[in-house]
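Asks: Once you've looked at the hints, dock chain B against the given chain A.
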Amino acid sequence: MSRKWKLPDGRNSLKRLLLIGLAAAALSSCVAVKEYEKVYINDPNMKLSAAGDQRFELNFQVYREAAAGANGGKSGGGCGCN
Amino acid sequence: MKRILLLFFLLLLFHVSKAQSTDPNAYKKRVLESPEIEILMSYYQQNGDHSAVGGGIGDESVDDITPTIVVTIPLNDDDVLTIDAGLSAYTSASSSNINPFNASGASGRGEDDDEDEDDHEGDDEDDFRPGSSEPTTGTPWLASSGASQSDVLASVSVDYSHSSDDRNWILGLHGSVSKEYDYHSLGFGGSVARLFAEKNTELSLKTQVYLDAWKPIYPTELHEYSLYGSNFQNSGYFEGMTVLNEQGNPTTAYLPDLFSEWDSKKRNSYSASLGFSQIISQRLQASFFVDLIYQEGLLSTPYHRIYFADRPNYYIGTASDIPVYTTRENTGVFRLADEVERLPDTRLKIPFGARINYYMSQTFKLRTYYRYYSDDWGITGHTGSVELPVSLSPKFTLTPTYRYYEQTAATYFAPFETHVSTEQFYTSDYDLAEFQSNQWGIGLSYTNIFSQPKFLRLGLKHVNLRFSHYDRSDGLKANIVSFGLKYVFE
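Chains A and B, in that order, are what the protein sequence lines are.
Residue numbers for the first sequence follow the numbering used here, beginning at 1142 and rising by one.
Residue numbers for the second sequence follow the numbering used here, beginning at -12 and rising by one.
Bear in mind the hints are in silico, worked out from the structure with no lab data behind them.
Predicted, not measured: the structure shown is a model, and the values here were computed from it.
Glycine included, each C-beta is placed from N, C-alpha and C at the ideal position.
Be aware that a few hints might be false.
[Stated by the list, open to error] Simulated crosslink set (BS3-like; lysine-lysine; CA at most 30 Å straight-line):
| no. | chain 1 | residue 1 | chain 2 | residue 2 |
| --- | --- | --- | --- | --- |
| 1 | A | 1179 | B | 473 |
| 2 | B | 448 | A | 1179 |
| 3 | A | 1188 | B | 186 |
[Said to hold, decoys possible] A short, non-exhaustive set of chain B residues, derived as facing chain A with CB atoms under 10 Å:
| no. | residue |
| --- | --- |
| 4 | 278 |
| 5 | 344 |
| 6 | 352 |
So here's chain A without its partners, still in its complex pose (with noise of 0.2 Å):
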């Protein structure tokens, strides 16, 4: 049952990222937003990550769908077999 794994078709996809990621920085060194400007990024409806109470959402995501990662979530653990 054993077999060589390859790296999946996301080459092109990690360049695009990568891209993504240069641009961010990119942007970044163009405005620093001080502290005490920081009034709405510190909403906590702005957090960056996956709202707290989207916890068991994503964990059925997870078992119902092939995708998982990339959103602070389980990346493994349990069988989610059911």
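Replies: Leaving out everything else, chain B in the frame of chain A:
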């Protein structure tokens, strides 16, 4: 590609140099002021017609309730400990049909009166089938009452985080254990996050390892075959039962000789997640993530049946239901498996995602998310979601949500009775099929950041209620309601 990587890291170095100007005498605020206790609960329910236990057909209803408690404790100004403990108690029509031939419900024969919760299909004693004059029946379209119809997953995780004095470094450690009847998992990992440029930029790396192990359960007919070999129809659970051929006539020709039990029972997962987030303006911020997830071991589910197109069909139950086997009109016959699903023993997943959040006004905020996913089983997927939190008052927020998802099928997927026995890998699990899904939801939350202790030094800080409806193009539908209360301890 190399040039892009080089540019990327040059920019990061630039940020590091900018970060050196941080004032070392800056005021140090506690990372977490007071302990917090969060009590969570969700109820999940799904219905569908493509049970993987039935080889791609059959009822796949699931009900799941998940009481959870999360305690977050500040150990000092810099360190925080989080303990997260929960249960997931479920009933599943699919897993009940690992043995569809039991007493009440789907079948009319055999009485498993043993109320021992640990008595599941797959154990020798679970295959005890006292004699009865009732004919044996079963169907993939109804849940049977076998011991495997319900189970409880218990899990505990502990997270520790340490923030540097200037709050520009955050280090984390993670450990977790979970256990259900046929599966247990041990997880651990670490993370590091670095904030640059007056905390406008964050770069993070998170690694996790899960060392899991199966206690494999096989479909009853295959389990008996592995116990008694070619004479299994005259032994054990199947002794005295009548097996029917496609025409509904008794036969002794059923022999699932392609089946063998799995040698490896371990499943290990290793993941590394790289994150980059950036404040772009006073109202706009974005983040990007890329994960590498590698899994090895028993990645198949041992009780997912396979029916080959090039093998004869055999049944137990009511002969008149054989012509309508694949419809809900079938209330009395169950087809015996040729095999269980076989999937490769390695899998590499590469998802990357991005979030962009925009503060439109004091009332409206816009949260968006996109993810591209690919793996070496041939699956690619796109996920997009939009949330629009609407502040009804300083304390109440209403959040409508929408999420779209699509994926291509795994190379090894084929529907019911489509695989042939000469293939190396095969599955009829529709979670690995091509489909699209839509999810709509609504959330209501109450937040009081100046909460005063009301009872036992506990003050109510946050309440949330959330409902979502999930609709998959293969007919699977699900609803989930979740509820949470967060108290701050003074």
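Asks: Next, verify each hint and record whether it holds.
Replies: Now the hints, each set against the structure:
no.	hint	in the structure
1	1179/A / 473/B	25 Å, holds
2	448/B / 1179/A	22 Å, holds
3	1188/A / 186/B	14 Å, holds
4	278	4 Å, holds
5	344	5 Å, holds
6	352	5 Å, holds
Checked against the numbered hints above, the structure breaks none of them.
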